[in-house]
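J.: Required output: the full structure, derived from the provided sequences and hints.
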Amino acid sequence: MRKKTAKKRTHNYKKHIGKAPGTLVYTGKKTEKQLQIESFDYTKDTLTENVLTNIEDARSYKETDSVTWINVDGLNSLSEIENIGKQYDLHPLVLEDIVNTTQRPKIDEYDDYLFIVLKMLYYDKDENVVIEQVSLVLGKNYVLSFQESEGDVFDTVRDRIRLGNGRIRGLKSDYLLYALIDAVVDHYFSIIETLGNKIEDLENDLFEGHAKDNINIEVQQLKREILKVRRAIFPLREIINRIEKGEHPLIYKRTITYYRDIYDHLIQVSENIDIYREMIWSLMDMYMSTISNRMNEVMKVLTIMSSIFIPLTFLAGIYGMNFEYIPELKYHNGYFILLGVMFVMFILMLVYFKRKKWL
Amino acid sequence: MRKKTAKKRTHNYKKHIGKAPGTLVYTGKKTEKQLQIESFDYTKDTLTENVLTNIEDARSYKETDSVTWINVDGLNSLSEIENIGKQYDLHPLVLEDIVNTTQRPKIDEYDDYLFIVLKMLYYDKDENVVIEQVSLVLGKNYVLSFQESEGDVFDTVRDRIRLGNGRIRGLKSDYLLYALIDAVVDHYFSIIETLGNKIEDLENDLFEGHAKDNINIEVQQLKREILKVRRAIFPLREIINRIEKGEHPLIYKRTITYYRDIYDHLIQVSENIDIYREMIWSLMDMYMSTISNRMNEVMKVLTIMSSIFIPLTFLAGIYGMNFEYIPELKYHNGYFILLGVMFVMFILMLVYFKRKKWL
Amino acid sequence: MRKKTAKKRTHNYKKHIGKAPGTLVYTGKKTEKQLQIESFDYTKDTLTENVLTNIEDARSYKETDSVTWINVDGLNSLSEIENIGKQYDLHPLVLEDIVNTTQRPKIDEYDDYLFIVLKMLYYDKDENVVIEQVSLVLGKNYVLSFQESEGDVFDTVRDRIRLGNGRIRGLKSDYLLYALIDAVVDHYFSIIETLGNKIEDLENDLFEGHAKDNINIEVQQLKREILKVRRAIFPLREIINRIEKGEHPLIYKRTITYYRDIYDHLIQVSENIDIYREMIWSLMDMYMSTISNRMNEVMKVLTIMSSIFIPLTFLAGIYGMNFEYIPELKYHNGYFILLGVMFVMFILMLVYFKRKKWL
Amino acid sequence: MRKKTAKKRTHNYKKHIGKAPGTLVYTGKKTEKQLQIESFDYTKDTLTENVLTNIEDARSYKETDSVTWINVDGLNSLSEIENIGKQYDLHPLVLEDIVNTTQRPKIDEYDDYLFIVLKMLYYDKDENVVIEQVSLVLGKNYVLSFQESEGDVFDTVRDRIRLGNGRIRGLKSDYLLYALIDAVVDHYFSIIETLGNKIEDLENDLFEGHAKDNINIEVQQLKREILKVRRAIFPLREIINRIEKGEHPLIYKRTITYYRDIYDHLIQVSENIDIYREMIWSLMDMYMSTISNRMNEVMKVLTIMSSIFIPLTFLAGIYGMNFEYIPELKYHNGYFILLGVMFVMFILMLVYFKRKKWL
Amino acid sequence: MRKKTAKKRTHNYKKHIGKAPGTLVYTGKKTEKQLQIESFDYTKDTLTENVLTNIEDARSYKETDSVTWINVDGLNSLSEIENIGKQYDLHPLVLEDIVNTTQRPKIDEYDDYLFIVLKMLYYDKDENVVIEQVSLVLGKNYVLSFQESEGDVFDTVRDRIRLGNGRIRGLKSDYLLYALIDAVVDHYFSIIETLGNKIEDLENDLFEGHAKDNINIEVQQLKREILKVRRAIFPLREIINRIEKGEHPLIYKRTITYYRDIYDHLIQVSENIDIYREMIWSLMDMYMSTISNRMNEVMKVLTIMSSIFIPLTFLAGIYGMNFEYIPELKYHNGYFILLGVMFVMFILMLVYFKRKKWL
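Protein chains in written order, with this note's numbering: chain A, 1 to 359; chain B, 360 to 718; chain C, 719 to 1077; chain D, 1078 to 1436; chain E, 1437 to 1795.
Calculated directly from the structure, the hints in this document are not laboratory data.
Heads up, some of the hints might be wrong.
[What the hints assert, rightly or not] The list that follows gives simulated cross-link-like pairs (lysine-lysine, DSS-like), each with its CA atoms no further than 25 Å apart:
(1) B:499 / B:531
(2) A:253 / E:1576
(3) A:106 / B:604
(4) C:762 / C:971
(5) E:1498 / E:1576
(6) A:357 / B:713
(7) C:971 / B:465
(8) D:1322 / E:1681
(9) E:1793 / A:357
(10) E:1792 / D:1433
(11) B:713 / C:1075
(12) E:1689 / D:1322
(13) C:824 / C:804
(14) D:1330 / C:963
(15) C:824 / C:858
(16) C:1072 / D:1431
(17) D:1275 / C:946
(18) E:1522 / A:253
(19) C:824 / C:946
(20) C:1072 / B:713
(21) A:86 / B:612
(22) A:253 / E:1681
(23) B:715 / C:1074
(24) E:1793 / A:356
(25) C:804 / D:1330
(26) A:253 / A:172
(27) E:1792 / A:356
(28) D:1217 / D:1121
(29) A:140 / A:106
(30) E:1793 / D:1431
(31) A:245 / B:713
(32) E:1790 / A:354
(33) C:824 / C:971
(34) A:140 / A:172
(35) E:1542 / A:245
(36) E:1792 / D:1434
(37) D:1322 / C:824
(38) A:106 / A:253
(39) C:780 / C:762
T.: Listed below in structure tokens is the structure:
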């Protein structure tokens, strides 16, 4: 007996219903962990890197001309998030969106800052796709990033800031924003690579005839995975497209080319996902025809065996009857003649099925 | 024998056909209940809450600068609706749309007021989706709301007005309108959550092989439910989009951000519905392949049993014949030799089916 | 033997091919009936209603300021139609379109008049959809309407003109045009209601298992009906949309609201048709899965019967053999022991099928 | 053994690959026939009709104010085509397009002339669609038309020019172009009529149960035919749409109405083709369900026969055993009692299958 | 046992993940081959053709007014590519795109040059589609082209430059760019021709009943091939469309006509691919119905054989029973009467199946 009530649901929109707008409700997994704040403050020549426990410590960076990156891991400490919001003058709806992890990727343009929500995708140890929300706020000389939990794809950005040998240290916060988004999008490629390999494996299973009975379940799960990834990635295209138009004063003309590059990558990823989607649909078709083919084979064996032996059994039945007068039974070679007749029938049947290409 | 005439139809457009435009025809369920009028009149500092039996009693609120919310439950008293229409100078087509509950969500802009029709969705006790029409009229300092029956999703709005500790009391009627629409849209999330769970249950039934024979009926009903919900929710997007453009003088610039927030929620809801739609289609596919798989299994059992025992029965039939001269019958161990031959044939058959992976 | 040549075709585009443009060719059913002309001439205070046999009699109405409605039933008298065309200065292509009843709904704007073709839909006695073309010409103070045959949906308009208690008598010809189109569109609702009921009946048949063998034919016919209705109704949306934009001088601003109302109705009708279309496609899916399910059931019965009795028959065959030395046959209780063994096998088989959920 | 190499391919794009742009390559069927030039030169009052063997003979028409129509049948004489091109100053790419008969319908606007490629469709004797390319060049006072072979749909245009009683003689070359395109489009109606009839025939075959085994091949061929026709007709819509916009100086305002009429016809044809396409897809569905239904019927017969007679045969087998002690065999009426039991079982089985609605 | 780890994957996006933007990473096949540089420098009257081993040798061409074409084969020497980039002032992202061979076709407009990525398609010896990336840079008086490996479709362009008898030598670098793209697009026609032939072969196999069991695998592979080709070709349309708009100063007005010609070709190719796609989907449908038909045939044989002989065997079983008193057995002609009865039953069965059209 399945216990319906005990089932873990994957949807939890309800938490938020009926609250006033601007009320912070964290919809992700509850953990006991404290949130962790990491800060980078740099110019072309200087770099200060800190791990803070309190947002007030980052206040000093705000006034300077240097570029500041504040990265917040963990969203369950709502009061601390509100603190950050106050310090950086963020709209209540922005804070609400940061902690609501079921948010769709989106961009909101405010006068002083740009607010972007996007999804970081990676595979966990069991090859399940994990979708983690990343919220980014681009201000005049700072970028805030909010993540659900520790561990991210930003290490390459950190290294480039630390080494200071690339473009990043010499440019403004809009390039830092680009670098962060680029790191996320670059990782999408490893997602679609894994998806592509999964489809290829399924396809090979079908081609080589290893079609297990539960392959349709695997196909279904892959379909859901693709839908999930698609939903996380597709809206980002419009977002980048809007940034690329370059109408917001915080985005400088010289970084537009870089955003266009991200856009091209996203189109490539999207195209791949749509092709996978079409391929997985046609895999199901192939599976269905494979089943039908195997059914056909089963039926042929049954038909051949039955068609050959049922008539022969009938013949044997005839001469097993107990009528007092059955002349054939008296013939000395009756038995052998009958065996001969049966053998001829057997051969004719085989020829017939051979002709029909069933053998 | 099914009695076609006695069947309850779900469509009742006809009531209206052939009437002059502007003629009020109530298309909902007829009840004996009187309509009930509830009024809130508030400024930042004052609040008057009343339950009226007569729209004339609300006249005094019209002239003041305070924000007035008149909520009307029940639409079957056409004369009273006409009264309200007269008092607030509503166009005859607006009144016609208020009482025509098969109306599609829409927005009509008039010089002095905005008229919006939308759908409130909730599940009743039997987990059936109920769609109730809500009509909203936004005037300079008032909001009228019309519902088909008592019971709604506006209690959080009432509480916020009463407590007066949020933004609502300090802002104009356009924010009140936002709060009402937001309450309706927030409730959509619980609808899609239930839909998501229903699909998950069906999917689990299929995955775990509990595939009951009537699962296709359940799938079909879920499909219809999704179509119904889709139709109720999707047109609202354009409506909010039009409000958000902020061209109507009754919508102040500072509330636009809030409407944009609703818009984002609606996009999220719509996207979920479309994903559910795709998933339910592919569930049907999965069901078909499950049926085919089970058929295959049935056929294999039949084929194996028949292919093994029909030839053996034939052999037994041979030696059940009554020919006078069948030399084998005289052999002392003929019977045992034959049993041996049969056993060997049996084993060979098993090996054959094992090789074919049918066992 | 089917006689192909005698088959009544439903297509008759050919009649027109190869004629010079502007040549009148009537493509509807030929009848002997004379065309019948009905005229209404009214102002707010006066009304003249006539049945004319000759268009010349309507000449006097043309000069006056009153609104004139000329309704023509029957299109087979081409010379008379040409007469009307001459009197009202209609372009030859307009006349050609009026008598060509395979015309697609469309609007043509000329300097002095608007020409609209639309489709009147109703069910005949056998519940078949009938599509009749209605052509409307809106002039400065007149409306011409052309129908294929007697009987229409305009009686409510006639009554409103006669009673003179609504808006219609006080307004111009553009409101009369609205009233006529509105009457046609209102009737579309009864079409989609009947379609909805037909689908519901089919669905119930499938749900209740009454699935007759020819249900796929019914589904196919319903599909065609929906396609037919769709094609007749959908183009009207663009037409109303173009009128609603209010760019033609003959459409006054005050009637635009009414045209917008028609537009909303058309969107509602269209949406319903598209939902029906999706539902009917998925009905076919359901039917296919129902067939497969029933096949499964049939196969199970066969497999159970065969799997139980074929091995038992084999056993009986063994002891029906005529070998001289079969020791078991001599045992006094051999027969009963064998019956016992068979019974045990029978029970085991039942248990096996029970476990597999086939029983 | 199929000979792949000897198969006639339907594609021949390759002929052109690797040539410099503007190189003339005729891609149609090679014939020995000379190209044939036909000329009409007319004003309202005069008409000269000629059959030329040489394009130089048409030079005199070029300078005059009269309208000249030069019709060229046959495209294999590339030098002659180049001659015409030189005389009328046509761009090399235009000439390349004229002789490349795999061209897609298109319009190219040059300063002095308009170049249009479209497809003439007709059925040959075996009811196969033939698609022939027609290229039209509209100049200030001339129209050139190029066809692949003799025989066309322009006879009605020729007659109207000769009789001179219509509009054609009084108007300019843009009306002549219209008349030619109109003749081609009018003929499309006979194509879709034939397509409609073919679908109807297939549908009737399925409805009446004449479903031959190879009906899926017919469906497939019809699908291809529809795709072919669709591809030939659909691009023409954009072309006419562009002409209708009236931006080219060679198209006078007074003929725009006529081009709009062609546009309406093309929309009607396109709509029909798309409906046919949908119908043919659902025909396949219907065919599949018909096959499944028939399979069901076959299986029922098998199951009924087997379920009735296999158990009875088992019973007979029991009493055919040779045990020394089978008490029933001694009963005087044992045989008749057993027959009775068998008859009762037979009846019970029939009742059972009747209840299951299998009989 | 399949070795998953040893499988050659077709995706290799990962190589690039986590690098700073502008880092060159070659994603194609690694070969030991040196890159090869070929240069053409020409005016109307002069031509210098060289094979260079070093990009510095091409420096002299840069300053002159003559048109220079530098063609680079092989992309694995990243330092040399960077050299070229430096010499021609290319943006780092351009260089990154040149060596990233998984790039989607695209156009990037810079102030001094146009950068275009497109795909060259050809079939290798095993009839597998090979997709090779070609990057083109159009500068004021030069064109750079980058290919993955030796061997291309540009020989016709080389010949035309060498012979100097066409337009190419007299025009600017924008015409040379056109000539190169045209050569690539012309080759697409041979791709779709081969695809068309493959589909035709599959279709013929199905029509002629040669439907092998693994035809669904072939269909699936063809589907993938079409998806692959589609993805390589479709984006090129937008690219050409953007060039054709003629907004970039490097594209002269007189060559626009030629780019429009390419655009028409691409539309034609795209249309063909989409038709093939639809045809291949419906091929799968046809295959499924063919399987079902064959299954039906198999089932009929089984049903006919069983339905005829199982009842007859039962009859024989009856008279094989050993009851002491079975009166029929004593009749002298009992045996022959029974044979007669059996024969009549046999005939009746045949008639029954004949009527059902199963024979």
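J.: Now tell me if each hint is right for this structure.
T.: Hints, one by one, checked against the model:
{"no.": "1", "hint": "B:499 / B:531", "result": "holds, 9 Å"}
{"no.": "2", "hint": "A:253 / E:1576", "result": "holds, 24 Å"}
{"no.": "3", "hint": "A:106 / B:604", "result": "holds, 18 Å"}
{"no.": "4", "hint": "C:762 / C:971", "result": "holds, 20 Å"}
{"no.": "5", "hint": "E:1498 / E:1576", "result": "holds, 10 Å"}
{"no.": "6", "hint": "A:357 / B:713", "result": "holds, 23 Å"}
{"no.": "7", "hint": "C:971 / B:465", "result": "holds, 21 Å"}
{"no.": "8", "hint": "D:1322 / E:1681", "result": "holds, 19 Å"}
{"no.": "9", "hint": "E:1793 / A:357", "result": "holds, 22 Å"}
{"no.": "10", "hint": "E:1792 / D:1433", "result": "holds, 21 Å"}
{"no.": "11", "hint": "B:713 / C:1075", "result": "holds, 23 Å"}
{"no.": "12", "hint": "E:1689 / D:1322", "result": "holds, 24 Å"}
{"no.": "13", "hint": "C:824 / C:804", "result": "holds, 22 Å"}
{"no.": "14", "hint": "D:1330 / C:963", "result": "holds, 24 Å"}
{"no.": "15", "hint": "C:824 / C:858", "result": "holds, 20 Å"}
{"no.": "16", "hint": "C:1072 / D:1431", "result": "holds, 24 Å"}
{"no.": "17", "hint": "D:1275 / C:946", "result": "holds, 18 Å"}
{"no.": "18", "hint": "E:1522 / A:253", "result": "holds, 22 Å"}
{"no.": "19", "hint": "C:824 / C:946", "result": "holds, 16 Å"}
{"no.": "20", "hint": "C:1072 / B:713", "result": "holds, 24 Å"}
{"no.": "21", "hint": "A:86 / B:612", "result": "holds, 22 Å"}
{"no.": "22", "hint": "A:253 / E:1681", "result": "holds, 24 Å"}
{"no.": "23", "hint": "B:715 / C:1074", "result": "holds, 21 Å"}
{"no.": "24", "hint": "E:1793 / A:356", "result": "holds, 19 Å"}
{"no.": "25", "hint": "C:804 / D:1330", "result": "holds, 22 Å"}
{"no.": "26", "hint": "A:253 / A:172", "result": "holds, 12 Å"}
{"no.": "27", "hint": "E:1792 / A:356", "result": "holds, 21 Å"}
{"no.": "28", "hint": "D:1217 / D:1121", "result": "holds, 17 Å"}
{"no.": "29", "hint": "A:140 / A:106", "result": "holds, 20 Å"}
{"no.": "30", "hint": "E:1793 / D:1431", "result": "holds, 23 Å"}
{"no.": "31", "hint": "A:245 / B:713", "result": "violated, 65 Å"}
{"no.": "32", "hint": "E:1790 / A:354", "result": "holds, 24 Å"}
{"no.": "33", "hint": "C:824 / C:971", "result": "holds, 22 Å"}
{"no.": "34", "hint": "A:140 / A:172", "result": "holds, 9 Å"}
{"no.": "35", "hint": "E:1542 / A:245", "result": "holds, 18 Å"}
{"no.": "36", "hint": "E:1792 / D:1434", "result": "holds, 19 Å"}
{"no.": "37", "hint": "D:1322 / C:824", "result": "holds, 18 Å"}
{"no.": "38", "hint": "A:106 / A:253", "result": "holds, 22 Å"}
{"no.": "39", "hint": "C:780 / C:762", "result": "holds, 17 Å"}
Violated hint for the displayed structure: number 31, the only one.
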